[in-house]
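A.B. asks: Here's the letter readout for the chains.
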Amino acid sequence: MLSRTADNLFWIARYLERAETTARLLEVGARIALIPSAGHGYRSEWESLLHASGTADGFKAKYGDPVQRNIESYMFFDRDNPSSVVSCLERARENARIVRTALTGQVWDALNTAYQELRALERKPRSEIELTELTEWVVRQTAMVRGAMDSTLLRNDGYHFLNLGSALERADNTARLIDVKYFVLLPSVDLVGSELDNYQWQTLLRALSAHRAFHWAYGGEITAAKIADFLILNRQSPRSLIASAEAAMAHLDALGRIYHHSGPAQRRARAIVGDLAETRVSDIFNEGLHEFLTRFIREVGVVSSFVHDGYLSGEARCS
Amino acid sequence: MTQYFNEMYEGDAVRAPYAGLESWIRSMPAELRQMKQAEAEALFRRIGITFAVYGEGGDPDRLIPFDMFPRVFAQDEWRKLDRGVKQRARALNAFLRDVYGRGEIVRAGRIPARLVYQNEAYEHAVSGFTPPRGIYSHIVGVDLVRTGPDEFFVLEDNCRTPSGVSYMLENREIMMRMFPQLFRENRIAPVDGYAELLRRTLASVAPEKCDRAPTIAILTPGHFNSAYYEHSFLADLMGVELVEAADLFVEGGFVWMRTTEGPKKLDVIYRRIDDAFLDPLCFRPDSMLGVPGLMDVYRSGGVTIASAPGAGVADDKAIYTFVPEMVRFYLDEEPILQNVPTWQCGKADDLKYVLDNLGELVVKEVHGSGGYGMLVGPKSTKDQIEAFRAKIEMDPDNYIAQPTLALSTTPTFVEEGIAPRHVDLRPYCLVGEQVSLVPGGLTRVALTEGSLVVNSSQGGGVKDTWVLAE
Numbered sequence: 028m029l030s031r032t033a034d035n036l037f038w039i040a041r042y043l044e045r046a047e048t049t050a051r052l053l054e055v056g057a058r059i060a061l062i063p064s065a066g067h068g069y070r071s072e073w074e075s076l077l078h079a080s081g082t083a084d085g086f087k088a089k090y091g092d093p094v095q096r097n098i099e100s101y102m103f104f105d106r107d108n109p110s111s112v113v114s115c116l117e118r119a120r121e122n123a124r125i126v127r128t129a130l131t132g133q134v135w136d137a138l139n140t141a142y143q144e145l146r147a148l149e150r151k152p153r154s155e156i157e158l159t160e161l162t163e164w165v166v167r168q169t170a171m172v173r174g175a176m177d178s179t180l181l182r183n184d185g186y187h188f189l190n191l192g193s194a195l196e197r198a199d200n201t202a203r204l205i206d207v208k209y210f211v212l213l214p215s216v217d218l219v220g221s222e223l224d225n226y227q228w229q230t231l232l233r234a235l236s237a238h239r240a241f242h243w244a245y246g247g248e249i250t251a252a253k254i255a256d257f258l259i260l261n262r263q264s265p266r267s268l269i270a271s272a273e274a275a276m277a278h279l280d281a282l283g284r285i286y287h288h289s290g291p292a293q294r295r296a297r298a299i300v301g302d303l304a305e306t307r308v309s310d311i312f313n314e315g316l317h318e319f320l321t322r323f324i325r326e327v328g329v330v331s332s333f334v335h336d337g338y339l340s341g342e343a344r345c346s
Numbered sequence: 003m004t005q006y007f008n009e010m011y012e013g014d015a016v017r018a019p020y021a022g023l024e025s026w027i028r029s030m031p032a033e034l035r036q037m038k039q040a041e042a043e044a045l046f047r048r049i050g051i052t053f054a055v056y057g058e059g060g061d062p063d064r065l066i067p068f069d070m071f072p073r074v075f076a077q078d079e080w081r082k083l084d085r086g087v088k089q090r091a092r093a094l095n096a097f098l099r100d101v102y103g104r105g106e107i108v109r110a111g112r113i114p115a116r117l118v119y120q121n122e123a124y125e126h127a128v129s130g131f132t133p134p135r136g137i138y139s140h141i142v143g144v145d146l147v148r149t150g151p152d153e154f155f156v157l158e159d160n161c162r163t164p165s166g167v168s169y170m171l172e173n174r175e176i177m178m179r180m181f182p183q184l185f186r187e188n189r190i191a192p193v194d195g196y197a198e199l200l201r202r203t204l205a206s207v208a209p210e211k212c213d214r215a216p217t218i219a220i221l222t223p224g225h226f227n228s229a230y231y232e233h234s235f236l237a238d239l240m241g242v243e244l245v246e247a248a249d250l251f252v253e254g255g256f257v258w259m260r261t262t263e264g265p266k267k268l269d270v271i272y273r274r275i276d277d278a279f280l281d282p283l284c285f286r287p288d289s290m291l292g293v294p295g296l297m298d299v300y301r302s303g304g305v306t307i308a309s310a311p312g313a314g315v316a317d318d319k320a321i322y323t324f325v326p327e328m329v330r331f332y333l334d335e336e337p338i339l340q341n342v343p344t345w346q347c348g349k350a351d352d353l354k355y356v357l358d359n360l361g362e363l364v365v366k367e368v369h370g371s372g373g374y375g376m377l378v379g380p381k382s383t384k385d386q387i388e389a390f391r392a393k394i395e396m397d398p399d400n401y402i403a404q405p406t407l408a409l410s411t412t413p414t415f416v417e418e419g420i421a422p423r424h425v426d427l428r429p430y431c432l433v434g435e436q437v438s439l440v441p442g443g444l445t446r447v448a449l450t451e452g453s454l455v456v457n458s459s460q461g462g463g464v465k466d467t468w469v470l471a472e
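In the order they appear, the protein sequences are chains E and H.
Going by this note's numbering, the first residue of the first sequence is number 28, and it counts up by one from there.
Going by this note's numbering, the first residue of the second sequence is number 3, and it counts up by one from there.
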C-alpha cells in the first residue's frame with residue numbers, strides 16, 4: 028500500500044477518535060459545572076478542560092476568560108482550534124476523500140453524511156442547539172463510521188493502519204481525559220477522597236459511557252481506586268489504557284505478519300502493554316496520577332513516531 | 003430563423019430511438035419529477051461526485067446539474083459514430099508517430115512545418131523516441147455536435163487527458179438506480195465495461211523492460227484538483243494505485259512508488275497532469291512538482307506514460323483543420339466524420355472574411371477552453387461584437403472562426419416542464435493493442451434557453467447517453 032495512503036488512513040481514525048474525545052470532554056465539563064464549586068479559588072472546571080485538551084493557550088489568545096459559551100464554541104465549531112470537533116471531522120472527511128479508493132462506499136458514506144450534517148449544524152443558530160445534543164451527535168456519528176469500517180472493510184494492511192490510528196489516539200485521549208481530574212483538583216490535595224472527588228470521578232465514567240459498565244464490573248462503593256483501575260488497568264473496559272495499548276499492539280503485530288517484518292514500533296508497544304500488566308493501582312497513586320499519565324502519553328507518542336518512520340513516511344526500505 | 007434538429011420529435015412524430023421514452027414522460031407528473039430530481043442530486047452529493055470538466059476551474063465542491071431526460075442513439079446512428087471516432091483516433095496517433103519521427107506529412111507538404119515544430123505543444127524532448135506500440139494518445143476524447151439526422155461534426159479532439167468519463171459512468175449508475183423499469187423496457191447497451199477496457203489498454207502498452215504483469219497507477223495533481231474525484235473513481239474501478247508525484251521516485255532506471263513495504267516498481271503511468279509538471283529536470287527547472295528523472299526513465303523504456311508527453315500537438319486548434327488530411331494521408335481512407343469549416347484569422351483572406359461576417363460566426367481563441375473568451379456572433383450584441391473585433395485585430399493569430407452550427411436539441415427537463423435544449427457529445431476512444439469505444443459518452447446540455455454553450459462553467463449540465471442495442 029502507498030505510504031501516503033496508509034498515512035491518510037491512520038489519521039482518519041485519529042481525527043475521528045479525537046473528535047469524539049473533544050465531545051466527551053465537553054460533556055465532562057458541562058456536568059462538572061452543574062455542581063457547586065468547591066470554593067477553591069478561581070480555577071474553573073472549564074479551564075481545566077482546556078488544559079487537558081492542550082488548547083488552553085489557543086483559547087486564551089482568542090477569547091480571554093474561560094466562559095462556558097465560548098469554550099463550547101471553541102471546542103466544537105472553531106476551525107482555529109485544531110482539536111475542535113469541526114476541525115477533526117473536516118480533516119477526517121478530507122483524508123477519506125483523498126483515499127476513497129482504500130475505503131468502502133459505506134465508510135465514505137458514513138463519513139460524508141456526518142460532514143454534511145455538520146455543515147447543516149453550523150448554519151443553525153447556536154441558541155437553538157443544546158450542548159448535549161451536539162455531544163451525543165458526535166458520539167453517534169463516530170460510532171456509525173466505526174461500524175461501517177468494522178463490517179465492510181477488507182482485513183488488509185489498510186484496515187490495520189486505521190485501527191492502529193484509533194487505538195493510539197484512544198490510548199492518548201483516555202489518558203488526557205483522566206488527567207482532567209488532576210487539573211480540577213490540583214489546588215487542594217485535601218479534597219482527595221471527598222464527596223466532590225468521587226462525584227468528579229463518576230462524571231468521568233459517564234463521559235466515557237462507562238457508568239453502567241463500571242457497576243457491572245465492580246459493584247458496591249465507588250472509589251477513586253476502583254475507577255482508576257477500571258479506566259487504566261481493566262481489559263474489559265473498552266477505552267481503558269491497557270485495552271487501547273493492547274489493541275495497538277495487536278494491529279501492529281498483524282502488520283508485522285502481513286509484511287513479514289517487525290520493527291521498533293512493535294517492540295515498544297509490547298513494552299507498554301507488559302508494563303501496564305504489571306502495574307497496580309497503588310503503584311499509580313504512589314507515582315502520582317498525573318506523573319503516571321504524562322509518562323504513558325509520552326510512550327504512546329514514541330510508538331506513533333516509530334509507526335511514522337517505519338511505514339508512513341515513505342522512507343521504508345525493508346522489503 | 004434557424005431550424006434546429008430535434009433528436010426526439012420530427013414534427014409531432016416521435017423519432018424511433020426515443021419511442022421507448024414516450025410513456026415514461028407521461029408517467030412523470032411535475033411533482034414526481036421534482037422529487038426524482040432532488041433524489042438524483044442527493045445521490046450525486048452523497049457519492050461526492052463534485053467535479054468540473056477539465057480546464058473549466060470553479061468550485062471543487064460544485065455539482066454539475068444532471069438532467070434526467072436521457073439522450074438516445076439508435077444502433078445504426080452509433081455505428082457510424084463508432085467507426086468515425088476510431089478512425090480519427092487512429093489517424094491522430096499516426097500523426098503523432100510521424101511528427102516525432104520522420105515527419106512524412108510535413109515533407110509531403112500536407113501540413114506546414116511551422117504549425118507542427120513551432121507549436122507550443124510540440125515536445126522536442128521526445129523527438130525521435132517511439133513509445134510502446136507507437137501509441138501516443140491512449141484516451142482520445144472527440145467532441146461532436148449534430149446538426150441533422152445524419153450530420154455530425156467534430157468540434158475538437160482531446161488527445162491529452164480528456165476528462166468527464168466518470169460522469170458518463172455515474173449518470174448511468176444513477177439512472178439505473180432511479181428508473182430501473184426504463185432499463186427493463188429498453189435495450190440499452192451497457193457502458194460499465196469502460197474501466198476494464200481502460201485497464202487492459204494501459205496494460206497492453208507496458209514498456210519493453212517490464213517482464214511481468216505490469217503495475218499501473220494514475221498520477222493525479224492531488225486532491226485540490228477539480229477532477230480529483232474522477233481520478234480516484236477510475237483508480238478504484240481499475241484496482242490500481244492513485245499516486246501523486248511525491249509518492250514516486252526514480253532509481254536505477256525505473257520509477258518506484260513509496261509503499262509501506264518499501265519501494266514498488268511502476269510500469270505504466272496514466273497521468274492526469276500536464277506535460278510541464280511531469281519532470282522538473284526535463285520541463286520546468288523552476289517547478290517543485292513532478293518526479294525528477296521520470297523522463298529519462300521514459301525515454302529508456304523503463305516506464306510508459308499515457309498519454310505520451312507531446313501528444314498535445316495533435317489536438318491543437320490550429321492542427322485540427324488538418325485532421326481530415328491525416329485520415330487520407332495515413333489511413334488512405336475518406337474521413338467518416340466531418341470537421342467544422344474553420345477560418346484561421348492569421349491568414350489575411352480568412353481574417354477579412356471573419357471580420358466581414360462576425361455577426362454570423364463563432365470565434366474562439368486558439369488555446370482557449372471552457373467556453374471562455376469566445377464570441378457567438380448571432381447571440382451577441384453590437385457592442386460585444388465590436389469589442390471582440392478590436393481583440394481579433396490586435397492579435398489575429400490567436401483566433402479561429404467557425405460558422406455558428408445549428409446544434410441539435412434533445413428534450414430536457416426545465417422549470418416549465420420539458421423543452422428542447424442544445425447538446426454535444428464526447429465519446430472516449432481507447433487506443434492500445436486494440437482500438438475500442440464503449441457505446442456511450444458524455445452528453446453536455448446547455449440548460450439556458452437558446453444557449454449554444456454547453457460548458458458547465460457557462461450553465462451547462464449533463465445527461466445519460468444511451469445507445470440502443472440491436
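The set of hints was computed from the structure by calculation and includes no laboratory data.
Quick reminder that beta carbons are idealized off the backbone N, C-alpha and C, glycines included.
Any given hint could turn out to be false.
If you anchor each label on the Cβ, the simulated ranges turn out as follows [unchecked claim]:
#1 155(E) - 40(H): 23 to 29 Å
#2 298(E) - 40(H): 41 to 47 Å
#3 44(H) - 263(E): 39 to 45 Å
#4 315(E) - 40(H): 42 to 48 Å
#5 248(H) - 225(E): 48 to 54 Å
#6 179(E) - 130(H): 24 to 30 Å
#7 294(H) - 294(E): 56 to 62 Å
#8 28(H) - 265(E): 33 to 39 Å
#9 332(E) - 214(H): 51 to 57 Å
#10 40(H) - 243(E): 52 to 58 Å
#11 40(H) - 246(E): 31 to 37 Å
#12 157(E) - 380(H): 21 to 27 Å
Covered stretches of chain E (chain H as the covering partner; in silico rule of three or more C-beta atoms under 8 Å from a C-beta of chain H) [stated by the list, open to error]:
#13 115 to 125
#14 268 to 274
Some but not every residue of chain H turned toward chain E, in silico, with C-beta under 7 Å [unchecked claim]:
#15 25
#16 391
#17 395
A.B. asks: Flag every earlier hint the structure violates by its number, smallest first.
C.D. replies: Checked against the structure, the hints that fail are numbers 2, 4, 6, 7, 8, 9, 10, 11, 12, 14, 15, 16 and 17, while the rest are satisfied.
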